[in-house]
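Q: Residues per chain are reported as follows:
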Amino acid sequence: MAFLLRRIGFYVAAFLVAATFNFLLPRLMPGDPVDVMFAQAGTALPPESMEALRATFGFIDQPLPLQYLRYLASVFTWDLGLSVKFHPLTVNEVLLRALPWTLFLVLTASFLAFAVGTLAGIHAAWRRGGRFDAVGAPAAVMLQAVPPLVISLVALYVFAIALKWLPTGYAWAPLLDPGWTPEFVGSVAAHAVLPVLTLALTQLGGYVVTMRNSMINLLGEDYITLGTAKGLDDRRLRMAYAARNALLPAVTSFAMTLGAVFGGALVTEVVFNYPGLGYTLYQGITARDYPLIQGQLLLMTLAMLTANLAADLVCLAIDPRLRRA
Amino acid sequence: MKAMTKRLAVLLASLALMAPAARAQQEPAPSTVTVVASLSTGWVRNFNPFNETTRLHSTRDFVYEPLIIFNSMQGGRPHFRLATDYDFSDDLLKLTFRLREGVKWSDGHPFDAHDVAFTFEMLRQHRALDTLDIWKRVASVEAPDAHTVVFQLKQVNTNMAFELVRVPIVAEHVWSKVADPVTFTNPNPVGTGPMTEVKRFTNQVYVQCRNPNYWDAGALKVDCLSFPQIGTNEQLLTAASSGGVDWFGAFLPDIERTYVAADPAHHRYWFPPGGTVAVYLNFDSRDPGNRRAFRDVKFRRAVSMAVDRRAIVDIASYGYPMVNEYASGIGRTYQDWVNREAEKSFGRFARFDKDAARALLAESGYRDVNGDGFIDHPDGTPISFFILAPNGWTDWVNAVQLVAEGLNAIGIDARVATPEPASWTQKLISGDYDMAINGLFTGETPYRSFDNGFHSRFAGKTRWGATRFVDPELDQALDAFVATIDPVAQRRAMDKVQAILAASTPYVPLFSNPIWYQYNTRRFKGWFNADNPGGRPDVFDGTPERLLHLLSLEPVRPA
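Chains as they are written, first to last, in this note's numbering: chain A, 1 to 325; chain B, 326 to 884.
Be aware that a few hints might be false.
Okay, derived cross-link-like pairs now, DSBU-like style, lysine-lysine, Cα gap no bigger than 35 angstroms in a straight line [to be verified]:
1. A/Lys164 to B/Lys524
2. B/Lys419 to B/Lys821
3. B/Lys786 to B/Lys461
4. A/Lys164 to B/Lys786
5. B/Lys479 to B/Lys461
6. B/Lys850 to B/Lys821
Heads up, incomplete: computed chain B residues facing chain A, CB under 7 angstroms, no partners named [said to hold, decoys possible]:
7. His382
8. Gln450
9. Arg452
10. Pro506
11. Gly600
12. Ala747
13. Ser748
Please keep in mind that the hints were generated in silico from the structure rather than gathered at the bench.
Just so you know, even glycine gets a beta-carbon here, dropped at the ideal spot from N, CA and C.
Required output: the full structure, derived from the provided sequences and hints.
A: Here you go:
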């Protein structure tokens with residue numbers, strides 16, 4: 001109980017520090033939103049527009065302490081203000097447009113990577129030195145080293161452009177209208193195959209290696225030897241005895257990955273033209289959209305800290321040794 | 326009986342199948358042009374023509390028709406749309422527009438002068454909507470009768486006709502009921518233009534269709550415009566190469582191989598010259614050695630002669646742009662305005678001549694005093710600077726690299742720096758730069774480009790006034806141009822402007838930026854191209870001629 005309270009206290013403090021950074025960081029970048037608008041518009045925005053734009057975006061010119069207080073208040077009211085880049089949409093509206101797709105894409109890919117990677121790691125460790133391990137382990141390391149951009153582009157070229165098996169982009173076929181029809185759901189699924197699979201592939205290597213290594217460390221333990229001696233069947237020994245104990249580091253790293261969901265997957269979104277929070281954040285940064293950047297960073301901070309707390313709780317639940325401490 | 330029922334069933338079934346087929350034959354599919362006018366990561370349903378951030382780029386011109394379209398490619402020739410005529414008073418302080426009769430909004434209400442007056446009054450009340458700063462130059466707007474609008478100007482400026490028609494006119498009966506026109510997203514627009522009906526709208530594509538009450542319906546042969554959401558140039562190339570886009574504009578590297586080769590019979594492009602791209606020198610450079618050099622016209626001329634514009638166009642931009650070897654920098658876009666005398670006298674300074682450049686530097690006294698291999702001032706002050714190019718704009722970055730190489734070859738210590746576009750703009754505005762590449766305006770006449778670039782009221786205040794070159798005679802000539810509507814007087818004024826610029830070389834023009842325009846002739850014909858130069862052909866927001874272009878399109882009859 002004391003452990004829990006201490007952890008929560010730590011997280012609240014961490015959150016306040018992170019929130020302050022999230023507020024200051026965008027404002028440290030050179031240039032302000034109106035200057036950026038002029039830079040990006042080139043000769044499409046004449047110099048005469050300067051005053052009109054300053055009048056529209058007056059809310060970013062207020063004194064810094066006032067902006068900071070409003071920002072802190074927004075944590076509780078969740079009124080993140082108007083976006084600059086996507087004016088007149090509010091920051092909430094901008095984030096909500098991309099959120100469901102990001103959650104769908106990243107959560108599916110992460111779960112897939114975790115499930116397949118962990119099982120493969122278990123199998124490789126159990127039959128260490130065997131054929132699967134000899135090929136699988138180095139392959140996983142190599143996969144980890146390949147940049148996500150390369151995997152995405154190669155998959156796009158091979159499956160979507162050359163073989164034409166899968167669509168080249170979008171979250172669903174533009175001809176369809178969104179709704180819970182079998183057509184639409186089927187289209188969403190078809191369009192999700194490449195982005196989810198390539199994103200899962202980029203994370204897969206990590207889970208295989210983590211699981212394999214932590215299991216191999218355990219295989220020499222006494223209780224494994226006892227289990228073998230007792231005559232327990234292979235599957236029971238592998239899953240209930242070895243894997244269960246080796247799962248701890250994998251679960252922790254999985255929880256942290258889940259915390260990063262709200263940062264989206266920038267490369268995948270750009271390559272596959274998939275609507276998501278990664279590209280939204282990137283656009284916010286290049287446009288110096290302070291309300292959007294701080295709103296999204298706030299969301300990411302909360303998610304990351306919650307995931308951390310969840311990881312702590314899960315470890316507490318799985319590992320009895322921690323309960324005694 | 327059983328056989329009867331069976332035959333009846335078959336008969337009924339075949340009738341049922343035939344009926345929809347028959348109906349389908351009677352309703353032809355609407356002819357839809359697929360357009361990419363802007364890159365976006367997801368459409369926002371914003372048809373507010375004054376919004377500068379999320380407005381859909383098919384709002385102006387297609388939903389809201391302009392009063393007059395001045396054809397930049399044909400010397401500013403007026404195409405009268407919602408207005409039939411315009412007139413300056415004798416003292417040039419009153420501008421009167423006469424409006425077309427019988428024009429209706431897409432919901433059936435009549436369009437008249439009260440809509441125009443209302444729109445301008447709304448701009449006066451809401452500063453954030455007045456993106457052209459009209460009310461700094463206009464004193465009042467009046468609608469003395471239903472088809473006449475009179476603008477009272479604060480000072481004489483014959484360019485105001487061009488400026489005023491850039492303001493989109495909205496419906497009084499709709500917008501007078503809107504609480505906050507600045508944040509109003511106008512999801513179901515009521516307009517006077519050809520395509521006002523929003524048939525479909527999702528994040529990924531939206532379709533805009535024919536205005537049922539369009540005044541010029543006879544000239545419109547296309548039914549709908551479809552706008553798929555495209556996020557990046559690469560995605561655009563993928564979509565266009567597979568034949569999925571009819572009308573778009575983009576910088577596509579090696580276009581013959583990447584786009585045209587995918588369908589040589591139908592994939593076409595045309596890059597007419599647009600605004601000038603030039604290297605700017607900062608007359609108020611923070612470094613005293615550089616400042617002294619930049620203020621010396623002989624140094625500037627040597628810089629200009631050291632640049633191989635042909636190589637820049639061919640290597641950095643795949644040969645798409647046209648070189649700008651005019652001493653005044655006026656460019657091929659405005660070749661009808663060229664001051665031939667000035668070009669004869671000073672033209673040689675705008676052409677690549679390495680030896681002449683070196684000779685000019687030598688005879689002006691510049692030489693390598695400190696032995697570092699680069700020239701300095703005669704008293705030993707070094708001359709060394711970076712040329713800025715915005716990061717990511719690869720054709721401009723490559724151009725600047727070639728400029729730096731050319732300068733190095735004649736002994737000037739120039740290097741390339743590529744700050745982020747926002748930072749590059751800021752440095753130009755604040756004056757924290759030595760040399761930088763920059764792109765100038767286009768307009769109906771060369772006035773806009775020269776005025777924004779070199780009139781003293783912009784010097785040091787905008788990205789385009791970044792040279793900080795000031796010449797009172799140049800100001801006078803520019804002001805004289807807009808103080809009259811007499812073409813002879815205007816010609817004289819523009820000649821004087823060019824003469825001063827040619828003699829001073831305050832900047833180093835490189836080439837005329839191409840107008841990006843690609844099209845597909847598989848489904849539609851009537852496209853503007855070199856054989857049919859009806860006007861600026863691009864589909865970007867900011868080019869009202871795209872309305873004329875739309876009206877010249879028609880579906881290709883199936884063979």
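Q: Next step is simple, just say for each hint if it's right about the structure.
A: A quick look at each hint next to the structure:
Distance check on the hinted pair: lysine 164 of chain A and lysine 524 of chain B sit about 30 angstroms apart at the alpha-carbon level, within 35 angstroms; holds. The straight-line distance between the Cα atoms of lysine 419 of chain B and lysine 821 of chain B is roughly 27 angstroms, inside the 35 angstroms bound, and the hint therefore holds. With a C-alpha separation of about 17 angstroms, the suggested pairing of lysine 786 of chain B with lysine 461 of chain B holds against the 35 angstroms cut-off. At roughly 53 angstroms between alpha-carbon atoms, lysine 164 of chain A and lysine 786 of chain B are farther apart than 35 angstroms, so this suggested pair is violated.
Of the pairs offered as hints, the one joining lysine 479 of chain B and lysine 461 of chain B holds, with about 8 angstroms between alpha carbons and a cut-off of 35 angstroms not exceeded. For the proposed pair lysine 850 of chain B and lysine 821 of chain B, the alpha carbon gap of about 43 angstroms is over 35 angstroms, so the pair is violated. Annotation: histidine 382 of chain B was flagged as interfacial toward chain A, and the flag is violated, the nearest CB pair being 10 angstroms apart, outside 7 angstroms. The beta carbon of glutamine 450 of chain B is not positioned within 7 angstroms of any beta carbon in chain A (closest approach about 12 angstroms), and the interface hint is therefore violated.
The interface hint given for arginine 452 of chain B holds, since its Cβ lies 4 angstroms from the closest Cβ of chain A, which is under the 7 angstroms cut-off. The criterion of a C-beta within 7 angstroms of any C-beta in chain A is not met by proline 506 of chain B, whose closest approach is roughly 11 angstroms, and the hint is violated. Proximity of glycine 600 of chain B to chain A holds as hinted, the smallest CB-CB distance being about 6 angstroms (cut-off 7 angstroms). Restraint check, alanine 747 of chain B versus chain A: the minimum CB separation of about 4 angstroms is within 7 angstroms; hint holds.
Using the Cβ-Cβ criterion of 7 angstroms, the hint placing serine 748 of chain B at the interface with chain A is satisfied: the shortest such distance is roughly 5 angstroms.
In the structure shown, a violation is registered for the earlier hints numbered 4, 6, 7, 8 and 10, in ascending order.
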